[in-house]
Amino acid sequence: MRVALFITCFNDTLFPETGRATVELLERLGVGVDFPFSQTCCGQMHFNTGYQREAIPLVRRFVETFKGYEAVVAPSGSCVGMVRELYPMAADLANDKRLAADIEELAPKVFELSEFLVRKLGVTDVGAYYPHRVTYHPTCHSLRMLKVGDAPTKLLEAVRGIDFVELSEKEECCGFGGTFAVKNADTSIAMLGDKLRHVLETEAEVCTAGDNSCLMHIGGGLKRQRAGVRTVHIAEILATTEEKIKT
Amino acid sequence: MTKVAPDAFSGGKTPHFEETARESLANAQLRRNLGKATQTIRRKRAVAVEEMPDWEELREAGRALKSRAMRHLDEYLLQLEESVTRAGGRVHWARDGEEANRIIAGIAKSHDAGEVVKVKSIATDETKLNEHLEREGIEAIETDLAELIIQFAGETSSHILVPAIHKNRSEIRELFIQKLGVEDLSDDPPDLTNAARLYLREKFLKAKVGISGANFAVADTGTVCVVESEGNGRMCTTLPPVLVTLMGIEKIIPTWQDYEVFMQLLPRSSTAERMNPYTTFWTGVSEGDGPQEFHLVLLDNGRSEVLADEVGRQSLNCIRCSACLNVCPVYERTGGHAYNSVYPGPIGAILTPQLVGIGKSGSDSLPYASSLCGACYEVCPVKINIPEVLIHLRGRVVRHKQDEGGLKGKLDPENVAMKAMAKTFSDPRLYEGAQKAARIGQWPLARSGAIHRLPGRLAGWTDARDLRPVPEQTFREWWRTRRNGRRD
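Respectively, the protein sequence lines represent chains H and Y. Residue numbers 28 to 274, in the working numbering, belong to the letters of the first sequence in order. Residue numbers 2 to 489, in the working numbering, belong to the letters of the second sequence in order.
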């Protein structure tokens, strides 16, 4: 199977290691990976902040870049949520029937990494080794928009050496919310405070999730507190193997 | 004269959500009260919903029924007028809050009522009926316990269902001692309730006019319904000889049978009960029993404008259960007053700006009072896709600023930055250039692997969070080296 990697502009620029891990992981599982260079940003930040007319060219670019692929995989629940759930709204706004039809065909082929692994490839044990105490925060868009369910936890539980610990009140938003984190910084920080408390209660060394945006927010708070807990994208955990640690 | 804080429906300017939220967030007592209350109610709700095997079907039925009612609202309203009139009631049409207030004050005056007793009603809060009546020399007495508390305190409601959720019992005790003139009063809830009960009994028996809102009204029978917990509503709607009901036009349901769906959805979603203690239905007037004069005032006040918006109109399906408030991580922390509206929480964030009209900076900030986490949509008993409407309204707010905000709207720093970024993302070469520029441009900010302070509005991020600097190599740069490496 060959897939196109939708890296997302956020990971491309700020978290390239997540992208590298995603490629390693997919290739290890026998999936061929293409990286179409014409991709930039899915338009989520613009669309969700209200700059929707400005997002339409980005929606078109995404559709032109990825249509024709058997599957598109992204290490981000949020950006996949944008494509699957909000692109139809963008096509309505653009009043473009052809775009709407293209989206209807493309959207179901766009997958968040964990759902691609569990639901499309049918694997839960990806051969990873990660000897750390880890807790998992289900990000809102992967949980409630994409409904990835227990796919990420199944993957994590199958990792060798891992000491997986459940996060309490895990389904509550961490407070990131895109531009919300800046526009309503005080509320965002109040939400983060509770999330950090729950993370620290688990005594985990690592807090993981399927979205680096939420992790940047949680990790930024942990780092500011010098809490000694780090955030790592789930792709990086799943890409880690015993051989890789040795080399 | 009672002074109540102005809100989005008072006509003047209101503060932005982020400003009022900042004040509420700093109130530790409020945070604790709200956190405890919302967490308890949402756990209870989850249990009450869990025991319904057909909950999802019920939600879908609720959505479908309400959507049908909204689609044919014109016909159903005329049908309701006919059925109420046939049953001996009188129907009045009010274009806005002022007209509704005038009609209601006129009815009270025609009966020489110096005092009216009220059932809890957000529609009357929306129109500012109490203040209007006061100006006309009529005292409106709130009979719902929580409404009475905030009326005594000269405050406004901070929750759709639990208006005094922000107050604790010792504050209530102080208030009752002061306002009811009782001396020996503990802060035990039964004691407090008893004190209010003694005061209210007299009011119920004396009042010539009762005023209520409506949870539902059936188009084909003309039956109006109030769903409540305390029984004060039953008193107000049965004891005084005259009953006036103010109802938003969206409260209509097509047939009597539709109650079957809503009476299962509403109590479980709002109070987490299988059935609420008091549900009062009345159809016009019945000779020799209950009020002998019934007026139904149908309120538009912006609702037909909401109906014209294809995405936004689902907001009118709301049955005011408040489940979305109780699960909202924003509401839980800021409380209702931060929303500066009689409709707080997620539903308020979509209802308020639509009802008062886009283009008012205070209420235009409300669609942004959400992290778009989607918890509200998950619990909504009539499946209002609140995140979708929030996003849609953000779009309307921005387009309004860009198209009608003149030069100021165009030069708004956010608008300028967003446009520039959109242009950058529209071309991979510009995008890669920007990636490199970010790496170079951040050097004055990055210290030992972290950015501790960002300039301007972005400082909101670094107030409590470090930021990681842009790494040395982007993903696409790595991909290129990797591909080149392979070729070698």
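Worth flagging that the hints you see were computed from the coordinates, not collected in a lab. Remember, predicted model here, so these are calculated numbers, not experimental data. Even for Gly, the Cβ is constructed at its ideal location relative to N, Cα and C. A portion of the hints provided could be inaccurate.
Stated by the list, open to error - In silico lysine-lysine, DSS-like type, Cα no more than 27 Å apart, as pairs:
id, chain 1, residue 1, chain 2, residue 2
1, H, K210, Y, K361
2, Y, K384, H, K174
3, H, K174, Y, K14
4, Y, K209, H, K197
5, H, K197, Y, K37
6, H, K210, Y, K45
7, H, K210, Y, K411
8, H, K94, Y, K424
9, Y, K14, H, K210
Claimed, not checked - Listed next, with one range per pair, are the computed distances between beta-carbon atoms:
id, chain 1, residue 1, chain 2, residue 2, range
10, Y, R202, H, Q252, 54 to 60 Å
11, H, G220, Y, K110, 52 to 58 Å
12, H, K147, Y, N169, 48 to 54 Å
13, Y, K45, H, F64, 31 to 37 Å
14, H, I272, Y, R484, 23 to 29 Å
Checklist entry - Are there hints from earlier that the structure breaks, and if so, what are their numbers? => result 3, 4, 6, 13
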